[in-house]
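Asks: Spelled out, the chains give:
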Amino acid sequence: MNRFGEKVSFPAVPQPIRQTVNTMNTLSLTEKKLLLECRTRRHFFRDCGLGLGAMALADLAGASQSVSQPAKPHYRPKAKNIIYLFMAGAPSQLDLFDEKPELRKLEGKPLPRSVIGEQRFAFIDPDAGVLSPRFDFAQYGQSGARISSVLPHLREVVDDIAIIRGMHTDQFNHAPAQIFLNTGSPQLGRPSMGSWAVYGLGSESRDLPGFVVLNSGGGLSGGAACWSSGFMPSVYAGVPFRSEGDPILSLSNPPGVSRGLQGHTVDLVNRLNRMTFDHVGDPEILTRIENYEKAFRMQTSGPELADLSSESKETLAMYGISGNGGSFARNCLLARRLIERGTRFVQLYHVGWDHHSNVEGGLKSQCAQTDQASAALIKDLKQRGMLEDTLVIWGGEFGRTAMVEASAALGRSAGRDHHPHAFTIWMAGGGIRPGITVGQTDELGYYVVEDPVHIHDLQATILHLLGLDHERLTYRFKGRDFRLTDVHGKVFDRILS
Amino acid sequence: MNFVFSPRWVPWSVLVTAGGLFHPGFSTVCAVEDDGIDFQRDIRPLISDRCFACHGPDEQKAGLRLDSGDGLASGSRHGEILDRAAPAESEILRRIFSEDPDEVMPPPEIKKPLNEEQKSLLRQWVMEGARYERHWAFISPQDPSIPDVSNPGWCRNEIDFFVLSGLEKRGMTPSPEADRWTLGRRLALDLTGLLPEPSLLADFVADDSDQSWHRYVDSLLGSAAYGERWGRDWLDLARYADTNGYEKDRPRTIWPYRDWVIRALNHNMPFDEFSIRQLAGDMLPDRRPEDVIATGFHRNTMTNEEGGIDVAEFRYHAVVDRVKTTGAAWMGLTLSCAQCHNHKYDPVTQDEYFQVMALFDNADEVEMPIPDKDEEQRMESLRRRIDTMSASRAEAFGDGLDQAVMKWAESLVPTAVNWKIQSPEKLMSERHATLTVLEDQSVLASGDKPNKDFYTVSFNPGAGSWTALRLEVLPHESLPFDGPGRAHFFNDGDFFLSEIGVRVGGSSSDESEWAKVRIAGASASHEKNGRPVGNALDGQRDTGWQVGNRFASPARAVFNFAEPVTTEAGDSFEVVLDQHFIHQVTIGRFRLALADETAAELKAAPVTHEVESVLNRMRRGEEPDQHEIEILTTAFLDQAPEVAGINQSIRSLREQMWDRTTSLVMQERSEDNRRQTRLRHRGEFLQPRHTVEPGVPDFLLWRPGQQEPANRLEFARWLFEPGHPLTSRVFVNRTWSRLFGKGIVSTVEDFGLQGSMPTHPQLLDWLALEFESSGWDIKALHRLIVSSATYRQSSSIRTEYQNQDPTNTWYHRGSRFRIPAEMVRDTALQAAGLLEMEMGGPGVFPPQDSSVTRLAYGSPGYNASGGADRYRRGIYTYWKRTAPYASFMTFDAPSGDMVCTRRERSNTPLQSLVLLNDPVYVEAARSMAAELAVREFETDRGLVESLFLRALNRPATGKEITTVIQFMEDIEKRVASGDLEPVPLPSKDMEEAVSAARWTAVLSVTRAVLNLDEMITRQ
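Chains as they are written, first to last, in this note's numbering: chain Z, 1 to 497; chain B, 1 to 1019.
Every clue listed holds true.
Each computed PhoX-like pair below joins lysine-lysine, with the alpha-carbon atoms no more than 25 Å apart: (1) B:Lys112 <-> Z:Lys490; (2) B:Lys420 <-> B:Lys516; (3) B:Lys61 <-> Z:Lys490; (4) B:Lys452 <-> B:Lys516; (5) B:Lys111 <-> Z:Lys78; (6) B:Lys111 <-> B:Lys61; (7) B:Lys973 <-> B:Lys988; (8) Z:Lys379 <-> Z:Lys313; (9) Z:Lys72 <-> B:Lys112; (10) B:Lys603 <-> B:Lys420; (11) B:Lys111 <-> Z:Lys72; (12) B:Lys528 <-> B:Lys452; (13) Z:Lys490 <-> B:Lys111; (14) Z:Lys72 <-> Z:Lys490.
To be clear, the hints were calculated from the coordinates, so they are not data collected in a lab.
Let's have the full structure, built from the sequences with the hints guiding it.
Replies: Below you can see the structure in the form of C-alpha cells.
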C-alpha cells in the first residue's frame, strides 16, 4: 500500500497516474503502436540533424570539463606531484618531534593558569597534570635533528626532510580540523587541497585519476568531505582507491564479460555516440566518447597499478610489505606507483593516532605500522630521482596536550588530549630545504614562539611549491572568488630550497 | 556630445574604441551591443567586483563609497571624484587610467586589474554622466510590456515574445520545434524524472494537436512521480540526509520530512504555504502535525556528536547554516558573507546578519512522533498487552495477594521517611538548558543539551533542622527513552552526576553568609555497575553516579548531612548538580526533598515517593485506604520475585514502545525564555559581543514604514508580501534553470551585486509577477514554461551561431544536458522494467560495494536492501553524509552537507565505469536483455527497434539498426569461432531457449544502449 494513504486535507488534485512498470505483455501492444508511428512519420530529429563535419573537434572538446590536459601554473613549479601522508587522529608531537625536557620536571603538576588562559579542551580539565615525554630523544644525521627513539627508520632519512615544529590550527575536534586542513574551512562544502591542485594544474595521467585517496588503519572522522571537490565539479574530487579487490569502484567487468567483449561493447557505445554527435553536434558527446575510452584503459591500468608483482623483493622489503592486506606500507608504495603514472595528488590517510589513553603504547603501535614505510617512500623516491619533483608531507590535524588525559568514567589513563596551538609535521622533496628543523615552541611545548605556520600558511606553501599563487588560484562561487586559503595564508619560505 | 580626449592619459588604442562608442555610426570594436551603457549590465558588476571590497558596504577607504549613487556623488575625503563640468578630467578616470602603481585603481596588490575594454566602459559611463541605479534585484519586479517581434506566429505564450525579441535583436532565428519523440522524453524527464509511460507517449506522438500536448503535460504534472522529481530538487536546497554528519555521523530519522515535501508538491501546495510551513510550521496558530513535520527543512543541518565538543558551538554553526540556506534558497542572497564582517558587496551589515540569525536562533531542536494510524494501533496494542500482563501478575498470588502486599509493605515501614518536597525558587543551568518547574515541583530540562552543565537550584524550606537531602530523578515523555536522563545515544536515557554540592545561607547574595553543607554519606535506589552514588561525593569529576538504562523508571539518591542544618524562615538551600561528561548525559527531570528526621542514617527507598508517603503514614500508625492499597499493590508486583518473568516481558514490551517513528522538527521557545542572540566578532563563536534584535537588512524593506519581521513566522510571511523583490524572482529563475539547464540569472543562488545579470530581465520580472498572481501555483509555472515555443525547440547545435551564441544564452535552440544522478539510475532501472514505484518511508540501500562506507568513521559495513527496496527511486536512497551512495556522487549529487542550489554536470570516465560495471546497471542490462532474448522477433531489426524504444523512447535510425545488427552478428560469429568467450546464460530456462552466442550478443547491445550518451541526456 502507498504510505501516503491520504489523510491530509490539501486541495484536491487530479488522481495521480502511476507510472506502471513495463512488462513485456503490455509493452508489446504499445510498442506496435509506436513502431507503426516510426515508420509512417517523418522523424524530424534525425532528418533535420545538422552535420558538424567542418568544425574542429578539438575546439568542441575544449568546451566541456576535462582535466586530462595539464593547465598552466602561475610560475615555475618546484614540485609536480604531492604525496600527503595524513596521520589522522593527531600524533603527539611531544613524544615524536618536539623535545621538552621541562615537562619531565613538571610531571604530575598542573600548568600555570597563565599559560592555559581560557582555552577549551575536548576532554580534560585545564588543571590536569603534566605527562612527561614518553620516549628519549637523540640527535641524528648530518643535520643533527633531534627526534624520538620511537621513529628508528625516520632517522635514516632525517637529512632529507624539513621538520616544522611551529604548526598551529583553529580547530580542536577531529572532523572539523581534518576538513579545515584539507579545505581551508572547518565548515563543509569547500573543495579539498587535491581538488585545488588538479583544478590548477590538471593531471598528467591519461589512464588514472589526478587525485587519489588511499586509506589504512580505519575509517576517517572527516569522511568524504576531506577529498570532496566541494562546489567544484566532481571531476576534481579525490577518487578513493580500495585496498582490496578492484582498486577503483566498478573497475571490473560485469561477471562473465571478458575484456574482449567489454572492448567491443565500448566500441559500439562510441560508434553510436558518434552518430548522435553527427546529428546534434553537442561537444559533450565527444567528451563522453573520450571518457569511455579512458574508462576502458583504466580497467587495465588500475589493476596493473595495484599489482605489486613487478616490484623487486628489495623494494617490498624496504617498505616492509608482506602479504596483500591494505596496509599503510602497501599504500606508500602504491602512492609512488601512482605518481610515476602521472597522478597529481595522492593522499594517504592512516587512522589511529588519537591517543587519549596510553599514548606510549599507542605511539609504539602506530610507529611500527608507519615509520618504516614513510622512510622507505623517501628513499625510494630519491633513488628513482623522483623526490625532486614530488612533495611529501607527513602530519596530523592538530597536536596533543602536555597535560595527561585520564578519566575513570571513560577508562582512560596516561593519554593526551587534543591540542590545536602547536604541533609538528615534516615535509620533503620538491622545493623543500632538506635537513632542517624550523619553528620553536615554548618550554612547555604549549604555544609556538618562533616561526609559526598556520594551516592556511601550509596550504599557501603547498600551492606555491606546485607553482600556484594561493591568492590567484580562485574559483567563483556564490559571487565570491574562493581560495583554498580563504582570505589568509602566507607562504612559509623558511623551508623553501 | 563630443569630447576630445587628452592623450596625456588615454592610450591610443582605447581612444579609438571609446571614440567608436561615442559615435554609434563609427563603431569598430564594440564592447556593448546596444546603444549606450547599461549601468546594471555593464558597470555595476565591474565596480562591484573591482571596487566594493575597499569602497563598499564594509570598508570605505579614503572615505569613498561606490555602492550607491550618493556615495559616488559625495566623493572621498580628498574631494569629489567626478567632474561634472569636464567629465574627462574626473579623478575617478585619472586613477583608473593611471600607470603609476601607487595611483592606479584598483591597486595592483588586489590582483584584479581592469582590461582595456573594461576601462573604456567605465570611461564611457563617466562621460555619459555616471548615472547610478539601484541594484536591479533589490527593486520590486516591474510589470514589463510584452515586446514587439517580427514573427509573432512563432510565439506560443508571453515567454516567447521576450525570447524572440532578444533573438531578433541579434539577428538570430529560433530553432524548429523538436520532434514529438524527443519532446515526449524531454517533458517526462523534466516533469517526472522518469521515462515516458509507453502508452502516453504513443498517444502523444500519434497526435500533434494542442489537446494532445495538454493531455500529456497534465498527466505528467498529475503523476505521483512529479513530486518525487521536484521533491529531490527541493531536498538539494534542504541539504537532506539520513545521518547527522561530522565524525560519528549516526543515523537520524527525518524521512517524514522528505515525504512531506513529495506529498506537498504532488498536491500542488502553493509556494507561499509550502515555504511558510517549512520555515515556521511550528508557529502557525492552527498548525497540524504535518505543518510541524515540515519544519524539518531547517533540521537538516548537521549535528556533531564527536566526544569532546562544545555542543553550543555546533548549534551555533547549525544556525549559521540556517541563515545561509534561507538566503540562498528563498532570497538569492549570500548572507553568510556578512557573518564575519559587513558584506563586501551587498548592503548587508554584520549587525543585520545577526538580526536575521536572531530570527532562527530562538528555536529548540526536538523530535516529534509522527502521526501514523498504523503506529498508533501498534502502540495501543502494546499498551493493552502491558495492561493485561500487569493485571495477570496478581494471579500468581491467588487469594494471598493482599497479605503478601501488606507483609512487604510492613517490612519497609520502619525505614520510611517523611520527605518534604521543596519547591525551587531559583533555577539556573550554566549552559543554558531550559529548566522548567512542573506542577509536582519537579524540574524538567529541555532546549539546549550540553555535554557538561551545572544545575543550580535554590529553595526556601522555612524554619527547621534538616538531616538529609533526597534527589529524585524522574521519567518524562519529552526525554529520550522517556528519561530520566537526557542521553539520546551511548547512554540511552541515563545521566551522569559528577558531584553534588549543597550550601545553606541567608537570602542575601553576600558570599560570607553562605555555608557549605557537609555530606556524610549517600545511598541510591539504583546504581549502574561501577557508577555508585558515592562517586558524586568523592571530589573527582571524572567519576559519577549513573543508573543505567532505566527506561522511564525513576530513581532516588539520599545524601545524609554530617550534622543537622538549621534554618530560619527566609533562609535558602542551594543545591548544585555538577554534570561533567560527554555525549550529552545530563539529568532530564529531577525533584529535591529534605528530611528532618534524626533517628538513624536515612536510606534511599526502593520505592517511589508516592509509595514511600503511604509507608510513612503507616509508620505513624495510619491505616492505608483503598486507593493507597492499590498503590502498594502495584509497587509490590513491580518488584515481586514471583512475577519477575512477567515483569521482564512487560519491560521488553515497554522498550518496543520507544521504537516509534519520529521526525526532527523546530520548536519555537516561549517568549519568556527567549534566547539572546549576540553578534559574534569576526563571526567567531568564542567572541560574543552585543545583543541584537530579530530583523532583516534595511534594504529589504521596500515600503515606507514597513514592519520588520520579529520572529520566524513573521519572517516567512514577509517573504511573500507583495512587492518582495527577491522571493518570486529567485524561485522562477531556479525553476527555469531546471528546465533549460541554466538560469535567466545564471547564479541562481546569488542575486546580489556579485551575481550574474539576468540575460532576460523583463522575462524574469514577467514570470515573477505571473507566478505571484497565480497564487504561487508551482504546477502552473511548470506548465507555462514547458508550453512555450522556446522550450519546445530542437536542441541540436547550430553551427551558424557557434561564434555568436556558443552557450545558447539567447535560446536560439533548446537545451541539452545530462540528467541528475538519481534520474540516471531511475531511468536505467525503468527501461529494464525493474523500477519499483513504492513511495515514502525510511531510506533504502541499493547495492554498492561495502568499501564505500568502510572509509567513514568506525568503518561501518553496508547491508544492501533485499527485494523491491533494491529498485526504489533514487530519492529514497539512504544518504550517509560522510560516505554517500558512491555512484550518485560520481554523477554530481550533492553531499547533503550544505545547501545546493545548482548541481554541477561533470562528464568523467568514472561515470562511464559506473554505467558499464556498477551492479545496478549490470542488473538492469541483464534483466532487459533477458526479456529481449526470449522474445520472438521476426527479425533482429525488431529487437533493435524495441530496445531503442524502451531505452531511448524513439525509433532507431536505419543506420543505427544496421550498425547494431552487424555488431550482433559479429559477436555471435566471434563466439562461435572461439574468438570471444561467451557470457554464461543467467538461468537454466534461458539455456534451453537461447544459445550462449546469442545471449552474449543481446546482452552486449543492451548494455551498449544503456550506456549511450543519449540515455543520460535530456535533449
